[in-house]
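Protein sequences appear in the order of chains E and L.
All residue numbers for the first sequence refer to my numbering, where the first residue is -10 and numbers rise by one.
All residue numbers for the second sequence refer to my numbering, where the first residue is 160 and numbers rise by one.
Careful: at least some of the hints might be erroneous.
[What the hints assert, rightly or not] Here are the simulated BS3-like cross-link-like pairs (lysine-lysine), alpha carbons at most 27 Å apart as the crow flies: (1) E:Lys64 <-> L:Lys213; (2) E:Lys212 <-> E:Lys164; (3) E:Lys243 <-> E:Lys212; (4) E:Lys65 <-> L:Lys330.
FYI, nobody ran anything at the bench for these hints, they're computed from the structure.
Here are the chains, one letter per residue:
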Amino acid sequence: MVPALEVRSLYKQFPTQDGEGFHDVLVDVNFTAEAGEFVSLIGPSGCGKTTLLRIVHGLETATTGEIICNGMEVKKPDHRRGLVFQHFNLFPWRTVVENIIYGLEVRGDDRGRRMDRARLMLDLVGLSGFENHYPHEISGGMQQRVGIARALALDPEVLLMDEPFGALDAITREKLQRDISAILERQPKTTLFVTHNMDEAIYFSDRILVFGTRPGRIIEEVKVSLPRPRQADTIRASQEFAELRTHLWQLLSKEMQREDA
Amino acid sequence: MKTHKGKSYGPFLRDMSVHVLVLVIWEIACRTVIPPIYLPAPSSIVTAFIATAKSGELATQLGQTVSVLALGFFLALVTGMMLGVAMGASRVLSRLLDPYINALNAMPTVALVPLVVIWLGLGYEAKVFLTWIVSFFSIVISAQTAVQNIPHAYLDTARAFASGPFATLNKVIIPASIPYFVSGIRLGLARGLVGVVVAEMFTALSGLGYMVTTYGNTFRINFVFVPIITLAFLSVFLNALLRMAERRLTPWNRGRAR
Chain E
-10 MVPALEVRSL YKQFPTQDGE GFHDVLVDVN FTAEAGEFVS LIGPSGCGKT TLLRIVHGLE
50 TATTGEIICN GMEVKKPDHR RGLVFQHFNL FPWRTVVENI IYGLEVRGDD RGRRMDRARL
110 MLDLVGLSGF ENHYPHEISG GMQQRVGIAR ALALDPEVLL MDEPFGALDA ITREKLQRDI
170 SAILERQPKT TLFVTHNMDE AIYFSDRILV FGTRPGRIIE EVKVSLPRPR QADTIRASQE
230 FAELRTHLWQ LLSKEMQRED A
Chain L
160 MKTHKGKSYG PFLRDMSVHV LVLVIWEIAC RTVIPPIYLP APSSIVTAFI ATAKSGELAT
220 QLGQTVSVLA LGFFLALVTG MMLGVAMGAS RVLSRLLDPY INALNAMPTV ALVPLVVIWL
280 GLGYEAKVFL TWIVSFFSIV ISAQTAVQNI PHAYLDTARA FASGPFATLN KVIIPASIPY
340 FVSGIRLGLA RGLVGVVVAE MFTALSGLGY MVTTYGNTFR INFVFVPIIT LAFLSVFLNA
400 LLRMAERRLT PWNRGRAR
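This is chain E alone, in the form it adopts within the complex (with noise of 0.2 Å):
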């Protein structure tokens, strides 16, 4: 079967602040993420994950390196990849509706497609009711959702999140975090999610990529077995959460010990 996704000995090189030379932001990233597979990046903050994530949206382009997306190289962003943003980035302009079909107009969908797919993206991330609210007038969390909703709009065969809850209090992000998990159950999708939460990563992923920093890679590749569906609160009471939990902590504080060396 082909992947849905698949990066190819991926390297990102920045110029230095001198902008004599150039330093490595990742290093030989390869990994695939099967059809309806979740996989998670996680990493200390400076690991180049975010990078990764724009570059597999086509935000920012490898300095060597492919990424196949079905079968299709990724050159520039296109309506395969629904991209959700750490700080929701809607448009204070556009009603929650209004911002939920954005890129269905971008795309250039007639009129009853864009209101069919609003509906049902509504009823999706439960925010019928509010569709003619501006984004100022409901809260962080269901900024998120709007955000969560126009990505999934499109009908992408890729959803990418990077850190959807960073932004976000404690018990907004726990409220989420579920609400998502039940999203994802409703309309599964192939998924790269980043975060440097460890509960977040195992709670969600089939598989998680924890990343190491200076140059960015991948350190291990961590499988994730927990059956599914997953209930929050039994699979963090479970011996097999704890135990990936105490594995994921070992290899990134490893890791940052050898940045503090």
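Mind docking chain L on chain E? Use the hints.
Positioned in the frame of chain E, the structure of chain L alone reads:
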């Protein structure tokens, strides 16, 4: 005493009584110490208002001023926005034109009157042109600044959803800039009003500027106050209209921190 909104009449009555008191003192001063050639009494201004309103002169001249202002300002709005957005979007264009636009904006453009008369004569076109040029530059600069300062996140999002240049301009850059256009439009409108009156006084006499000049030259000071007060009200009215348009255009901006 309370209104239906639960507001008290107290402050309103207090403020009004102060205004009335000022008018009364003004009236008394004019009738006793101030010669009417320096400052007319409020009652004689009212008389002048009634006279010019009855003869139809006020309405005619106001109509002329408004028609020049409307066309000149409308042209400034359209051309100013177009050039401003283009300059905001293109680094090359803004680098090329910035020195000229800034210099012309800083210069009192009413000094161009003699040139405009040579180019366009003394008629309607010259007046519209003067109104246009006086309000144009502040509109250009505000539109340019608004576009240049669009938060990067909006453009990043536009790109992430594969928006082409036209969709980005239409659906992101322009709506994001509207609240910031407004300050320049307000300034442009205020300047435009100055432009009309100057044009009416220094080209063929017409409109409210004509009334100011003619009555001033004949020392009918109470009549001079008629166009002056009308201009003040016109300015306040247009600003209120602008604020209303702004609220209509940016319902999403209501109650947000600016």
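Inset, instruction - Please work out if lysine 212 of chain E and lysine 164 of chain E have their alpha carbons no farther apart than 27 Å. - result: 25 Å, holds
Legend entry - Hinted pair lysine 243 of chain E and lysine 212 of chain E, Cα distance within 27 Å: Measuring from Cα to Cα gives roughly 19 Å; hence the hint holds.
Inset, instruction - Take the C-alpha atoms of lysine 65 of chain E and lysine 330 of chain L, compute the straight-line distance between them, and say whether it is at most 27 Å. - result: Answer holds: lysine 65 of chain E to lysine 330 of chain L is near 20 Å, not above 27 Å.
Inset, instruction - Would you check the hint for lysine 64 of chain E and lysine 213 of chain L, treating anything up to 27 Å between C-alpha atoms as holding? - result: Measuring from Cα to Cα gives roughly 74 Å; hence the hint is violated.
In this structure, only the earlier hint numbered 1 is contradicted, and the remaining ones agree with it.
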